[in-house]
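Protein chains in written order, with my numbering: chain F, 1 to 195; chain Y, 1 to 228; chain H, 1 to 199.
Do not rely on the hints blindly, as some may be mistaken.
Calculated lysine to aspartate or glutamate pairs in the EDC-like style (CA-CA distance at most 20 angstroms, straight line) [unchecked claim]:
{"id": "1", "chain 1": "Y", "residue 1": "Lys109", "chain 2": "Y", "residue 2": "Glu147"}
{"id": "2", "chain 1": "F", "residue 1": "Lys162", "chain 2": "F", "residue 2": "Glu35"}
{"id": "3", "chain 1": "H", "residue 1": "Lys120", "chain 2": "H", "residue 2": "Asp191"}
{"id": "4", "chain 1": "H", "residue 1": "Lys95", "chain 2": "Y", "residue 2": "Glu37"}
{"id": "5", "chain 1": "H", "residue 1": "Lys95", "chain 2": "Y", "residue 2": "Glu160"}
{"id": "6", "chain 1": "H", "residue 1": "Lys95", "chain 2": "Y", "residue 2": "Glu147"}
{"id": "7", "chain 1": "Y", "residue 1": "Lys75", "chain 2": "H", "residue 2": "Glu92"}
{"id": "8", "chain 1": "Y", "residue 1": "Lys75", "chain 2": "Y", "residue 2": "Asp101"}
{"id": "9", "chain 1": "H", "residue 1": "Lys95", "chain 2": "Y", "residue 2": "Glu41"}
{"id": "10", "chain 1": "H", "residue 1": "Lys95", "chain 2": "Y", "residue 2": "Glu159"}
{"id": "11", "chain 1": "Y", "residue 1": "Lys194", "chain 2": "Y", "residue 2": "Glu160"}
{"id": "12", "chain 1": "H", "residue 1": "Lys95", "chain 2": "Y", "residue 2": "Glu46"}
FYI, nobody ran anything at the bench for these hints, they're computed from the structure.
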Amino acid sequence: MTISPFILFWAAIFTSNILLTNFLGMCSYLSVSREVESSFGLGIAVTFVLILTSALNWLVYYYILVPLNLVYLEYIVFIIVIAATVQLLELLIERFTPALYYTLGIFLPLITVNCAIFGVALFMIIRRYTFLQTLAYSAGSGLGWLLAILMLAGIRTRIREKMVPTGLAGTGITLITTGIMALAFVGFSGIVNVQ
Amino acid sequence: MPQNHSFLEGRLYPILFMLALTVVFVGILAGYYRSSEGRIETNRQETFQLQILSLFADTLSQRTGLPLARISDPKNLSDYYSLYIHKAAANLAAGSSISSDYYLCLAGKDTLGYAYNLTGSGLWGTMRGLLAVTPDLSRIINFTIYEQMETPGLGARVEENWFRSQFTHQPLLLHDSIPQFTLIPENAEPARLKIRQITGASITSGSVLTMLRQAAGELAILHKDNLR
Amino acid sequence: MNKKDIFLTSAFRENSVWKQILGICSSLAVTNLMLNSLIMGLGVIFTLICANFTISLIRNYTPRSVRMMAQTLIIGAYVIIVDIFLRVNIPEVSKQLGPYVGLILTNCILMGRAEAFAAKNAPVDSVIDGLGAGIGYTLVLLTIASIRELFGFGSLFGFTLLGSWWTRWSIMVMAPSAFFLLAVLIWLINDYYYKVKTG
Chain F
1 MTISPFILFW AAIFTSNILL TNFLGMCSYL SVSREVESSF GLGIAVTFVL
51 ILTSALNWLV YYYILVPLNL VYLEYIVFII VIAATVQLLE LLIERFTPAL
101 YYTLGIFLPL ITVNCAIFGV ALFMIIRRYT FLQTLAYSAG SGLGWLLAIL
151 MLAGIRTRIR EKMVPTGLAG TGITLITTGI MALAFVGFSG IVNVQ
Chain Y
1 MPQNHSFLEG RLYPILFMLA LTVVFVGILA GYYRSSEGRI ETNRQETFQL
51 QILSLFADTL SQRTGLPLAR ISDPKNLSDY YSLYIHKAAA NLAAGSSISS
101 DYYLCLAGKD TLGYAYNLTG SGLWGTMRGL LAVTPDLSRI INFTIYEQME
151 TPGLGARVEE NWFRSQFTHQ PLLLHDSIPQ FTLIPENAEP ARLKIRQITG
201 ASITSGSVLT MLRQAAGELA ILHKDNLR
Chain H
1 MNKKDIFLTS AFRENSVWKQ ILGICSSLAV TNLMLNSLIM GLGVIFTLIC
51 ANFTISLIRN YTPRSVRMMA QTLIIGAYVI IVDIFLRVNI PEVSKQLGPY
101 VGLILTNCIL MGRAEAFAAK NAPVDSVIDG LGAGIGYTLV LLTIASIREL
151 FGFGSLFGFT LLGSWWTRWS IMVMAPSAFF LLAVLIWLIN DYYYKVKTG
């Protein structure tokens with residue numbers, strides 16, 4: 001009943017895209033997708049945090065929480081691991097790529113409350129993934145999120161020049177665009193199983 | 001208070017603060033969880049037992065003359081469960097999709113049927129079902145999915161009554177051959193060996209059939225071994 | 001600001017979903033059924049009230065450097081309480097909501113209200129603000145869910161309204177419909193509710 005990590009990786013990008021199928025990671029997605037460059041930077045940051053935190057959370061869950069019968073604290077423990085990782089990432093980015101640091105601004109620490117990261121951690125526990133499957137799924141989810149935000153950024157750049165009804169401008173048209181993208185991705189569903 | 005101002009902004013206070021906060025809240029959570037642990041487990045067990053009993057409710061009602069409503073009433077669960085259902089252990093190969101614990105429905109000395117605990121994979125996660133069969137394994141008495149993680153409103157509809165009841169009285173092992181169930185559209189006419197799928201959830205519907213087919217295969221082997 | 005103003009502001013004028021565009025994640029996932037939306041809404045209201053109250057209570061003792069960590073811990077604790085409560089008392093709904101209960105913790109609304117209001121205002125006011133934000137959020141969820149459940153299942157709150165003659169709209173059951181419905185809702189509100197402000 002085990003699914004190959006390789007298939008999980010591709011499934012996480014296309015058939016069960018964490019954003020277009022599971023609706024996770026919407027807040028920063030809607031805000032940052034105005035520019036393609038910052039979208040790319042944020043997407044890469046999110047992918048990095050996803051892989052690292054999923055791996056750490058998997059280890060913490062199975063080697064600390066379960067043996068000590070503290071599973072009910074999983075939400076708090078996971079979010080702390082994520083917060084610490086994002087703090088570390090912030091320091092690294094500020095040190096090595098300050099341009100990215102200034103472009104992302106407030107959205108860098110906001111990665112901590114990105115539902116996609118927390119959601120992937122919860123999903124991997126529910127679906128009882130092995131460590132390798134977790135790595136594959138989190139890497140795929142990150143790249144899937146990156147793909148979605150890049151596509152939206154590209155589309156929004158084009159929409160800027162068009163005439164959108166005032167009430168729909170900004171969030172409204174972004175949501176409709178995302179809905180159409182989600183519809184397109186539904187076409188991928190069923191190609192692979194994620195469990 | 002002026003003296004406290006530097007203490008509040010110092011290095012020690014934030015650490016003490018977070019420590020105190022953590023202790024207080026983890027304490028509350030631990031207390032609430034420990035006091036509820038028992039009830040969560042009892043809930044789970046009772047739901048499971050009620051499901052097994054419900055699988056045989058019709059058969060038991062016919063056999064004992066007790067009204068169907070009385071057997072399915074959760075208030076009578078402990079009485080009827082201990083009276084009619086017995087747990088046994090089967091000798092199964094490792095990696096089997098059927099749990100080694102299985103259940104017999106007994107009325108007096110007669111075995112009315114067996115119930116097996118099946119495991120399969122749906123679209124989003126593990127699916128678990130209970131399959132009740134006649135003692136000779138030839139027909140399905142009842143079938144239910146009791147655990148799944150499919151999309152609510154789509155795949156999760158496998159738990160709905162109309163879907164589950166399609167399996168009642170369907171053949172299982174006919175002369176040791178496994179039946180080939182196929183999916184038909186939801187609004188089609190019901191037929192033998194044809195299962196009306198859930199519209200928009202063909203994968204979940206297919207996964208249910210796969211789970212059933214695999215279980216049937218293993219039961220066939222078990223049956224042959226027992227006869228020898 | 002008096003109590004009524006606080007409530008109306010957080011529930012309608014500065015509604016978390018349609019004005020501040022927060023809390024979208026769970027909004028979209030649970031809105032396929034009204035019952036799930038209601039339970040999720042109640043869970044968010046409970047967490048908002050308790051978290052806002054607690055954070056406001058200790059706001060004068062909370063050092064600036066650990067403010068966000070403390071808020072996260074408090075919100076997380078109440079989310080766990082909601083999760084345990086659901087698992088004990090309504091296990092079927094708990095299973096259906098699945099990971100989305102835990103995701104209340106990352107629901108931007110909670111952190112948003114904690115930072116914007118509870119950290120700077122009195123406990124009772126913070127409770128009202130939390131209640132308003134939660135109710136505003138729940139109303140949005142229920143509105144979207146009513147359309148999705150009615151056209152997707154022909155029912156409302158599980159009570160069948162449209163019989164078997166109705167062909168269910170699969171799109172209403174699937175993810176994309178939530179995006180479209182929310183967009184239309186924002187459009188309508190921008191055009192009619194805020195028209196007074198922009199003239």
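Structure-based check of each hint:
Our distance criterion of 20 angstroms between C-alpha atoms is broken by Lys109 of chain Y and Glu147 of chain Y, whose separation comes to about 32 angstroms. A hinted pair counts as satisfied when its Cα atoms are at most 20 angstroms apart, and Lys162 of chain F with Glu35 of chain F qualifies at roughly 16 angstroms. Taking the CA atoms of Lys120 of chain H and Asp191 of chain H, the gap is about 33 angstroms. The hint is violated against a cut of 20 angstroms. The straight-line distance between the Cα atoms of Lys95 of chain H and Glu37 of chain Y is roughly 16 angstroms, inside the 20 angstroms bound, and the hint therefore holds.
Restraint check: the Cα-Cα separation between Lys95 of chain H and Glu160 of chain Y comes to about 15 angstroms, which is no more than 20 angstroms; the hinted pair holds. Restraint check for Lys95 of chain H and Glu147 of chain Y: satisfied, since their Cα atoms lie roughly 9 angstroms apart, inside the 20 angstroms limit. With a C-alpha separation of about 19 angstroms, the suggested pair Lys75 of chain Y and Glu92 of chain H falls inside the 20 angstroms cut-off, and the hint holds. For the proposed pair Lys75 of chain Y and Asp101 of chain Y, the alpha carbon gap of about 25 angstroms is over 20 angstroms, so the pair is violated.
With a C-alpha separation of about 14 angstroms, the suggested pairing of Lys95 of chain H with Glu41 of chain Y holds against the 20 angstroms cut-off. Between the alpha carbons of Lys95 of chain H and Glu159 of chain Y the distance comes to roughly 13 angstroms, so the proposed pair stays at or under 20 angstroms and holds. Of the pairs offered as hints, the one joining Lys194 of chain Y and Glu160 of chain Y holds, with about 17 angstroms between alpha carbons and a cut-off of 20 angstroms not exceeded. A C-alpha spacing of about 16 angstroms is found between Lys95 of chain H and Glu46 of chain Y, which places the hinted pair at or below 20 angstroms, so the restraint holds.
In summary, the structure is inconsistent with hints 1, 3, 8 from the numbered list given earlier, while agreeing with the others.
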